[in-house]
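Trainee: Could you slot chain R with the ligands onto chain L? The hints should help.
Spelled out, the chains give:
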Amino acid sequence: MAVKKKRKGPVVANEIITLTNVSKAYSTGAPALKDVNLHISRGEFVFIVGDSGSGKSTLIKLLLRELTVTSGYISVMGYDLSKIKHRKIPKFRRNLGIVFQDFRLLKDRNVYENVAFAQRIIQKSNKEIKKNVPSILAIVGLAGKYKAKPRQLSGGEQQRVALARALVNQPTILLADEPTGNLDPKNSWEIMKLLEQINENGTTVIVVTHNREIVNAMQKRVVTLRRGVIISDEEKGGYIDED
Amino acid sequence: MRINTFFYTLKQGFRNIFRNKLFSLASIATIAACLFLFGIFYAIVANFQHIVKNAEEGVSVWVFFDEGIEDIRIQQIGDMIAKRPEVAKMDFISAEEAWEGFRDEYLGEYGDGFTENPLENSANYQVYLNDVSMQSALVTYLESIDGVRMVNRSELVATTLTGVNALIAYVSVGIIAILLAVSIFLISNTVAIGISVRKEEINIMKYIGATDFFVRSPFVVEGIMIGLIGASLPLGFIYAIYNVVLTYVTDRFPQLSSLLSFVGVEEVFNVLVPVSLGLGVGIGFLGSIVTVRRHLRV
Ligand SMILES: Nc1ncnc2c1ncn2[C@@H]1O[C@H](COP(=O)(O)OP(=O)(O)O)[C@@H](O)[C@H]1O
Ligand SMILES: [Mg+2]
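Chains as they are written, first to last, in our numbering: chain L, 1 to 243; chain R, 244 to 541.
Excised from the complex, chain L in its bound form (with noise of 0.2 angstroms):
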């Protein structure tokens, strides 16, 4: 094996996500984050465990660029996030898809346009848009709904029109944060289905979630965050309990 040195950058070629001594402080408070050194490959799947407050949002927010890191090193899809300027940011973003715990769906557009919005905002046709829409719903299995607006769905219906809108653009990474939160365990198990299938067409998921059930029993890579620190990362791994 070659001299072990400081690594900066992809080590391998399909390295998607590099994070290397990454810290990251709040201006109130500890340090939300502490030297995470952490490689995600392209196609990966990985879960982001942990207690509340152990830094799992703060990490997802310096994935998408909406955090800076206070230092260390980060690089997604060959950008490094520390130096990227803010007239570039749009076109990074393009490349993810974003589910968060809570929706956030525009609640005055039907479920339609939730999805197609995000395509018109990479300024597809509207042929194109026809076409796709329609589609992804399909595969998240409400091609059926398409003209309800958000409050005539139920939580696992909008979370499927989140990850709709998450997927319409074909991100090369889906970000994920407790998308699972706000569901019963049967919604829930179908969303992580929808993931694992997105996963197996190519796309690199990392999926926050304190759902221990589903943790254990999808044998993914886990990697689990303590105050602000990742004490364990593990191929197949299970949750992790607290002492």
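Keep in mind that the hints were calculated from the coordinates and are not lab data.
Distance condition first, Cα-Cα at most 35 angstroms in a straight line; then the derived DSBU-like pairs of lysine-lysine:
#, chain 1, residue 1, chain 2, residue 2
1, R, 254, L, 145
2, L, 131, L, 91
3, R, 264, L, 130
4, L, 88, L, 34
5, L, 149, R, 264
6, L, 131, R, 264
7, R, 254, L, 91
Mentor: What follows is chain R with the ligands alone, placed relative to chain L:
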């Protein structure tokens, strides 16, 4: 920008107006109220200035000549006066005309008994000024001319009109300052409401990878539309009531009707329409830009 995106942006801008009816109404009402006050104020000032201008045009200075002056010298003096910048217009009144005017006005048929002109030395220039505030300067100059015996003027009218002009200027500045302060206050409030209504939508757009331009465009369209509507309402209203108010004022104060000459509604609107629409669009544009800009740093 793709033509597709352009129409989408326009459509979203229009939809935004109806989507947040309360916010739109508040913004339209704010702009309309400010521009209504502005319009009323402008109409009043325009009429005031018109009245004062009319009065000024009636103010003249009379220049009388030395006894036995030659006609050629009168001609020369006339040329000198005409060169002065403050002179708007001048008429030569011969002694005969002066006498006829006096006789017709004051003596009537009794004047027929005169065989000679009693106002032999009363030939004069009647000089009208551009600006009454220059009257005393002109008089000093006129009195210094060789061959001028006497200059008559109405000091009181001139100083009064000069005072009125200054008053209009001060009042205009004062009222414009108050209107500006009020509109800035009202608009910053409506913008603050707009920010809270739009925050989530802007955030979502940014997460999906919308450019600042794409995020901003529908809001700008919306702002401009609100500005246009907000400007059109008071214009329509002022147009409707303008003549009614003028008729009322002339009926109410008939004794002033000789003094009061009003500006036509078309003349007022020649200025008011472009200025109001410009202000409305400007306020709407700036308001929406400011609203959105704070949230583009996501
Ligand atoms: N905007 C913020 N300002 C200050 N502190 C924050 C902010 N967001 C999160 N934190 C703090 O950072 C730590 C990690 O938060 P977070 O990443 O949201 O944790 P998790 O998502 O794992 O629950 C917590 O202690 C939290 O209080
Ligand atoms: Mg969180």
